[in-house]
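With these hints in hand, go ahead and build the complete structure from the sequences.
These protein sequence lines map, in sequence, to chains F and Y. FYI, the numbering for the first sequence is 1 to 115, going by my numbering. FYI, the numbering for the second sequence is 1 to 114, going by my numbering.
Incorrect hints may have been included.
Using 20 Å as the maximum straight-line C-alpha spacing, the simulated SDA-like pairs for lysine to any residue come out as follows [stated by the list, open to error]:
hint: 1; chain 1: Y; residue 1: Lys56; chain 2: F; residue 2: Ser86
hint: 2; chain 1: F; residue 1: Lys9; chain 2: F; residue 2: Gln37
hint: 3; chain 1: Y; residue 1: Lys106; chain 2: F; residue 2: Ile60
hint: 4; chain 1: Y; residue 1: Lys106; chain 2: F; residue 2: Ser38
hint: 5; chain 1: Y; residue 1: Lys56; chain 2: Y; residue 2: Ala10
hint: 6; chain 1: Y; residue 1: Lys106; chain 2: Y; residue 2: Leu11
hint: 7; chain 1: Y; residue 1: Lys56; chain 2: Y; residue 2: Lys69
hint: 8; chain 1: Y; residue 1: Lys106; chain 2: F; residue 2: Asp40
hint: 9; chain 1: Y; residue 1: Lys106; chain 2: F; residue 2: Gly58
hint: 10; chain 1: F; residue 1: Lys57; chain 2: Y; residue 2: Thr27
hint: 11; chain 1: F; residue 1: Lys9; chain 2: Y; residue 2: Asn38
hint: 12; chain 1: F; residue 1: Lys9; chain 2: Y; residue 2: Arg41
hint: 13; chain 1: Y; residue 1: Lys26; chain 2: F; residue 2: Gln41
hint: 14; chain 1: F; residue 1: Lys9; chain 2: F; residue 2: Glu75
hint: 15; chain 1: Y; residue 1: Lys106; chain 2: F; residue 2: Ser79
hint: 16; chain 1: F; residue 1: Lys9; chain 2: Y; residue 2: Ser39
hint: 17; chain 1: Y; residue 1: Lys106; chain 2: F; residue 2: Ser86
hint: 18; chain 1: F; residue 1: Lys9; chain 2: Y; residue 2: Val44
hint: 19; chain 1: Y; residue 1: Lys106; chain 2: F; residue 2: Arg111
hint: 20; chain 1: Y; residue 1: Lys106; chain 2: F; residue 2: Lys9
hint: 21; chain 1: Y; residue 1: Lys69; chain 2: Y; residue 2: Ile49
hint: 22; chain 1: F; residue 1: Lys9; chain 2: F; residue 2: Gly28
hint: 23; chain 1: Y; residue 1: Lys106; chain 2: F; residue 2: Glu75
hint: 24; chain 1: Y; residue 1: Lys106; chain 2: F; residue 2: Arg22
hint: 25; chain 1: Y; residue 1: Lys106; chain 2: F; residue 2: Leu88
hint: 26; chain 1: F; residue 1: Lys9; chain 2: F; residue 2: Thr113
hint: 27; chain 1: F; residue 1: Lys57; chain 2: F; residue 2: Arg22
hint: 28; chain 1: Y; residue 1: Lys26; chain 2: F; residue 2: Gly42
hint: 29; chain 1: Y; residue 1: Lys70; chain 2: Y; residue 2: Arg41
hint: 30; chain 1: F; residue 1: Lys57; chain 2: F; residue 2: Ser79
hint: 31; chain 1: F; residue 1: Lys9; chain 2: Y; residue 2: Gly40
hint: 32; chain 1: Y; residue 1: Lys26; chain 2: Y; residue 2: Asn52
hint: 33; chain 1: Y; residue 1: Lys106; chain 2: F; residue 2: Glu103
hint: 34; chain 1: Y; residue 1: Lys106; chain 2: F; residue 2: Gly42
hint: 35; chain 1: Y; residue 1: Lys56; chain 2: F; residue 2: Asn102
hint: 36; chain 1: Y; residue 1: Lys106; chain 2: F; residue 2: Gln44
Listed next, with one range per pair, are the computed distances between beta-carbon atoms [claimed, not checked]:
hint: 37; chain 1: F; residue 1: Pro8; chain 2: Y; residue 2: Glu15; range: 35 to 43 Å
hint: 38; chain 1: Y; residue 1: Asp7; chain 2: F; residue 2: His73; range: 35 to 43 Å
hint: 39; chain 1: F; residue 1: Glu54; chain 2: Y; residue 2: Asn30; range: 17 to 25 Å
hint: 40; chain 1: F; residue 1: Leu39; chain 2: Y; residue 2: Ser12; range: 37 to 45 Å
I should point out that these hints are in silico values taken from the structure, not numbers from a laboratory. Bear in mind that the values here come from a model prediction, so they are computed numbers and not experimental data. Note that the Cβ used here is the ideal one computed from N, Cα and C, for glycine as well.
Single-letter residue listing:
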Amino acid sequence: DSGVTQTPKHLITATGQRVTLRCSPRSGDLSVYWYQQSLDQGLQFLIQYYNGEERAKGNILERFSAQQFPDLHSELNLSSLELGDSALYFCASSFSGYSSYNEQFFGPGTRLTVL
Amino acid sequence: SQQGEEDPQALSIQEGENATMNCSYKTSINNLQWYRQNSGRGLVHLILIRSNEREKHSGRLRVTLDTSKKSSSLLITASRAADTASYFCATDAGSGGSNYKLTFGKGTLLTVNP
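The structure is reproduced here in structure tokens:
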């Protein structure tokens, strides 16, 4: 158990809909990272927040947005969903804001299926 | 595009044998990390090696880094069936880019047969 929690575990929804994925980082960690993992694209970094502020952006679509709240939990919002958005979405956390200098602790993921 | 690429894509060995996975990357880096993922689960950090280090050990794991060849290898000795998983290398963008994000390769799927 990494100490990172994600809800829900599974999500099945229809095209065009909007969903929110939630992540609680490990106690004491200030950074939250979101990743998307699919068979064709592999593990893609989406976005990072550090202590409430956006720190880095990766391959995140404009239909997707995220935020980190004062209690440091984070939400990833996916809207106007398409079939291709079906994937595993992981949240990870670390103490530092520099992801390359320390390990990240991954949550168990949310499996999103868009029908 | 992927910064790190693992090789081979898949590796099947018998319990007790050693497993070697390689990672090549394109730009200079500060650090390189290896992660493991059991099927459909979250990644678990294995080891971090800094650009000024050449070799690092952790239990049955041995990681090497050759910055001149822009490559790293992960050796798992005396493999066990429980080592069956996908292994990913992750790199940052070094001095040429943001230190804030890691880029993961597509992974090597290791199967250890009992």
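Regarding the pair Lys9 of chain F and Arg41 of chain Y, is the alpha-carbon distance no greater than 20 Å?
-> OK: Lys9 of chain F and Arg41 of chain Y at ~11 Å, within 20 Å.
Quick one, are Lys57 of chain F and Arg22 of chain F close enough, alpha carbons at most 20 Å?
-> holds, 18 Å
Taking only the CA atoms, is the gap from Lys106 of chain Y to Glu75 of chain F under or equal to 20 Å?
-> violated, 26 Å
Would you check the hint for Lys106 of chain Y and Gln44 of chain F, treating anything up to 20 Å between C-alpha atoms as holding?
-> holds, 10 Å
Do the alpha carbons of Lys9 of chain F and Glu75 of chain F lie within 20 Å of each other, as the hint requires?
-> holds, 14 Å
For the pair we were handed, Lys106 of chain Y and Leu11 of chain Y, check the Cα-Cα distance against 20 Å.
-> Cα-Cα ~14 Å, so holds.
Would the pair Lys106 of chain Y and Gly42 of chain F pass a check requiring their Cα atoms to be no farther apart than 20 Å?
-> holds, 5 Å
Holds or violated: Lys106 of chain Y to Lys9 of chain F, with C-alpha atoms at most 20 Å apart | violated, 23 Å
Is Lys106 of chain Y within 20 Å of Ile60 of chain F, Cα to Cα?
-> Holds, at about 18 Å.
Restraint check for Lys106 of chain Y with Leu88 of chain F, where alpha carbons must lie at most 20 Å apart = Holds: Lys106 of chain Y and Leu88 of chain F sit about 15 Å apart, inside 20 Å.
Given the hint that Lys26 of chain Y pairs with Asn52 of chain Y, test it: the Cα-Cα distance must not exceed 20 Å.
-> Holds. Lys26 of chain Y to Asn52 of chain Y sits at ~17 Å (cutoff 20 Å).
Glu15 of chain Y and Pro8 of chain F - C-beta distance against the hinted 35 to 43 Å = holds, 37 Å
Hint check: violations occur at hints 1, 5, 15, 20, 22, 23, 24, 29, 40; the rest are consistent with the structure.
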